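Chain A is already provided as a structure; the job is to place chain L on it using the hints.
Line order of the protein sequences matches chains A and L.
Under numbering that gives the first Met the number 0, the first sequence has 93 at position 94, and the numbering climbs by one with no breaks.
Under numbering that gives the first Met the number 0, the second sequence has 84 at position 85, and the numbering climbs by one with no breaks.
Honestly, the hints are just simulated from the structure, not real lab data.
Just so we're clear, the structure is a prediction, and the values are computed from it rather than from any experiment.
Everything hinted at is true.
Copies of the same chain look alike in the list, so a pair counts if it fits in one copy or across any two.
Distance condition first, Cα-Cα at most 25 Å in a straight line; then the derived SDA-like pairs of lysine to any residue:
hint : residue 1 : residue 2
1    : Lys202    : Pro169
2    : Lys202    : Arg239
3    : Lys153    : Met0
4    : Lys73     : Thr157
2 protein chains.
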Amino acid sequence: MQVGIIGLGLIGGSMAIDLRRRGFADRVIGVESDPVNASAAEKIGLVDEVVSYERCVEEADIVVVAVPVGDAVKMVCDILDRFERSGSKDRIVIDTCSVKEQICLATRYHSCRPQFVSTHPMAGTEYSGPWAAMPNLFDGRACIFADVEESSPKHLKTIETLYETLNMRPIYMNSANHDVHTAYVSHISHVTSFALALTVLDKEKDEKHIFDLASGGFSSTVRLAKSNADMWVPILTQNRDNVLRVIDTYIDKMSSFRDAIADFDEGRIRELIEEANRIRKIIR
Amino acid sequence: MQVGIIGLGLIGGSMAIDLRRRGFADRVIGVESDPVNASAAEKIGLVDEVVSYERCVEEADIVVVAVPVGDAVKMVCDILDRFERSGSKDRIVIDTCSVKEQICLATRYHSCRPQFVSTHPMAGTEYSGPWAAMPNLFDGRACIFADVEESSPKHLKTIETLYETLNMRPIYMNSANHDVHTAYVSHISHVTSFALALTVLDKEKDEKHIFDLASGGFSSTVRLAKSNADMWVPILTQNRDNVLRVIDTYIDKMSSFRDAIADFDEGRIRELIEEANRIRKIIR
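This is chain A alone, in the form it adopts within the complex (with noise of 0.2 Å):
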């Protein structure tokens, strides 16, 4: 099996790493359009062998995009088309987007949309780029799968297996779902940590001050706060209805703790702190 991977940075990677050394893969190829991180992919050894595109889309059985989701909309459309040209029913093109309602409509009448496989695997850093790649990322954590019935049964339990070298547990959802429980549970916890980070750069002038009550919970709060804006100015957009849907909510909850502060209403903030812990029942 030939796996081509396009966009070689953490998600992409990553993926190269595990697959060949599973033994999922005989030969990876990837393409990657920086040439810095071109070479260092070469370098690294993510991949066998750097290629062209065309090359990937022609040579690959399977073909992964794993680059940012507005250019990943277009960029599965036209590896259907050439799917379609080429004639081959066999080959397959998976994407790797944190959105998937777009990407799932614009193929959807597509002749060769059986071929395609939408997935989002949920693991990942808040770093990027081929140096960022590493094994086993994505064991044990959640890889979603997207109206799956769409995709030919064959192609989907391919990809199954993929995912299953990987160790990822496959949960299945109809695409408009994912974005809606996405924008709930991760879209959101990277817009409060940007907005953390935005209010302590800017009221913390002293940035040694930063540095030295970071102990107190801020440096993991803010982690998310350090992602790339390449990822993630398309994910907000493309996702902007939910987004903002639970941006509203979440500035209410935090105007009921302002509110409750102000009055030292000491009872109301106990209220709101111990509905909060409920989360511990859910999250370890």
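For chain L alone, coordinates are given in the frame of chain A:
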């Protein structure tokens, strides 16, 4: 040296462990008002003996007050009164509060004020109680000493040695500045985490989805929302004015994000994210 620790939770219990095993204290006695926690602290062996409050204040060379901030203010005043009545000038009391101005104001004109050293060891986890106590909790973290000019230089030196034993980096600040800085860096992180937990618990009725999707960075961002109300209600009310000021800035920043997303303004979203990314240079 005999150290008496009042409040055998995460902070007091962890101090007990390291002060004894690293040889700073020959004997550690403890006070714990909750009978279940008291018996646990003795069984786990956090202290040599659980004693009454009165005995602790009479016998210990150094009394460490490690209780929630509301109680701590009253308790430190009472301990200074007892020092005064006993006539002893050698005994020392320290607090470990996350808010410093109120405790420093309340004790400022006490005749035994030189026997009080006000400190804030900035370490912790989101867990509490004697079971949360652990060795090495303080290693490498910052310890703030507030208003040191009010303490006797000799007693200050002893307490500096105590925190040196815990491998903490000393930082000297006046109590009012301390409260401003901790509001900006530590207290706001807790409030944003509480609000995030409330938002997600409200929006995401299906708890299984929270768990499944938490790999996307949510768990680290929401970690502090597990923190205990007994500890946090008095911190937020005692540091009310500073905390409100930071919450207001935070809501402004969040609203800028909201507006940029609502307007599909990719340039502005990118600007905000890249500004937030500056935190990379400060926090590893």
